[in-house]
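> Sequence:
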Amino acid sequence: MQTRRSFVAALAGVAATLPPFRANAIAQLWRAQDIAGSRSPDDLADDETYWSHIQRAFDADRTIINLNNGGVCPTPSHVLEAMIRDLRFTNELPALHMWRILEPRIESVRRELAIEFGCDPEEMAITRNASEAMETMIFGLDLKRGDEVLVTNQNYGRMLTSWKQRERRDGIVLKQVSFQVPPPSQEYLAERFRQAITPRTRVIEVTHITNLTGQIM
555 MQTRRSFVAA LAGVAATLPP FRANAIAQLW RAQDIAGSRS PDDLADDETY WSHIQRAFDA
615 DRTIINLNNG GVCPTPSHVL EAMIRDLRFT NELPALHMWR ILEPRIESVR RELAIEFGCD
675 PEEMAITRNA SEAMETMIFG LDLKRGDEVL VTNQNYGRML TSWKQRERRD GIVLKQVSFQ
735 VPPPSQEYLA ERFRQAITPR TRVIEVTHIT NLTGQIM
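One point on numbering: in my numbering, the residue at position 166 of the sequence shown is 720, and numbering is uninterrupted.
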């Protein structure tokens, strides 16, 4: 099972094998990995030194506290530099560099990611962002008229719009579960879903953390 620690370690390892990037960004990842060691996730969660190294791997404006990365999803500095490098490489000779050199690498990246996450390559998809990935799932599910889908009224707006489109197009029933914020307990949240489940329920989509209130489900 992939963990945040193993992912950071793998990212730092891959970065070290690539052409030169901003050395400081890669160094920050290595320092974070050294601090992590074999410590538990709960222990690391409160270690500000660990997270400061992760933070410094990004070219973020430190004059403003940013709590919203949605729609942009900034990348670590060395990833940004790799994107710029490949864009320049593409522009040099598009028909050759983009279609014959860079694009074939997508499949090899997919295979390597599948190995890293312990799944079959056919279970791994590379999408442009989380919304596109979710929409692929929403529009790809084999749902019939009258089938019910449970979400919460704090679901991400684009996902609600996608489910409502299927509601209009295919006649499915979208049920939005509401809950107190903050909820009195996790059992309360589970019970809200249990009460909404019927024999026609086919999909239950639960957001890990809501973008509206930050509630962890």
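It should be emphasised that the hints constitute simulated quantities derived from the structure, not laboratory data. Glycine included, C-beta positions come from ideal geometry on N, C-alpha and C. Check before you lean on any hint, since a few could be wrong.
[Claimed, not checked] Just the calculated beta-carbon pair ranges, DEER-fashion: (1) Glu721 <-> Leu667: 30 to 36 Å; (2) Gly672 <-> Glu646: 49 to 55 Å; (3) Asp596 <-> Phe671: 21 to 27 Å; (4) Glu721 <-> Asp613: 40 to 46 Å; (5) Gly768 <-> Pro595: 15 to 21 Å; (6) Thr617 <-> Ser594: 52 to 58 Å; (7) Lys698 <-> Thr617: 41 to 47 Å.
> Please check whether Glu721 and Asp613 have a Cβ separation lying inside 40 to 46 Å.
Given range 40 to 46 Å: holds, Cβ gap about 41 Å.
> Please test the hint of 30 to 36 Å on the beta carbon pair from Glu721 and Leu667.
33 Å Cβ-Cβ, so the 30 to 36 Å window holds.
> Taking the CB of Gly768 and the CB of Pro595, does the distance hold inside 15 to 21 Å?
Once the Cβ atoms are compared, 19 Å apart, the range 15 to 21 Å for Pro595 and Gly768 holds.
> Do the Cβ positions of Asp596 and Phe671 conform to the proposed distance bound of 21 to 27 Å?
holds, 23 Å
> Against the range 41 to 47 Å, how does the distance between the Cβ atoms of Lys698 and Thr617 compare: consistent or not?
violated, 53 Å
> Holds or violated: the 49 to 55 Å window for the beta-carbon distance between Gly672 and Glu646?
About 37 Å separates the Cβ atoms of Gly672 and Glu646, which means 49 to 55 Å is violated.
> Does 52 to 58 Å hold as the CB distance between Thr617 and Ser594, or does it fail?
violated, 34 Å
Comparing the model with each numbered hint stated earlier shows that hints 2, 6 and 7 do not hold.
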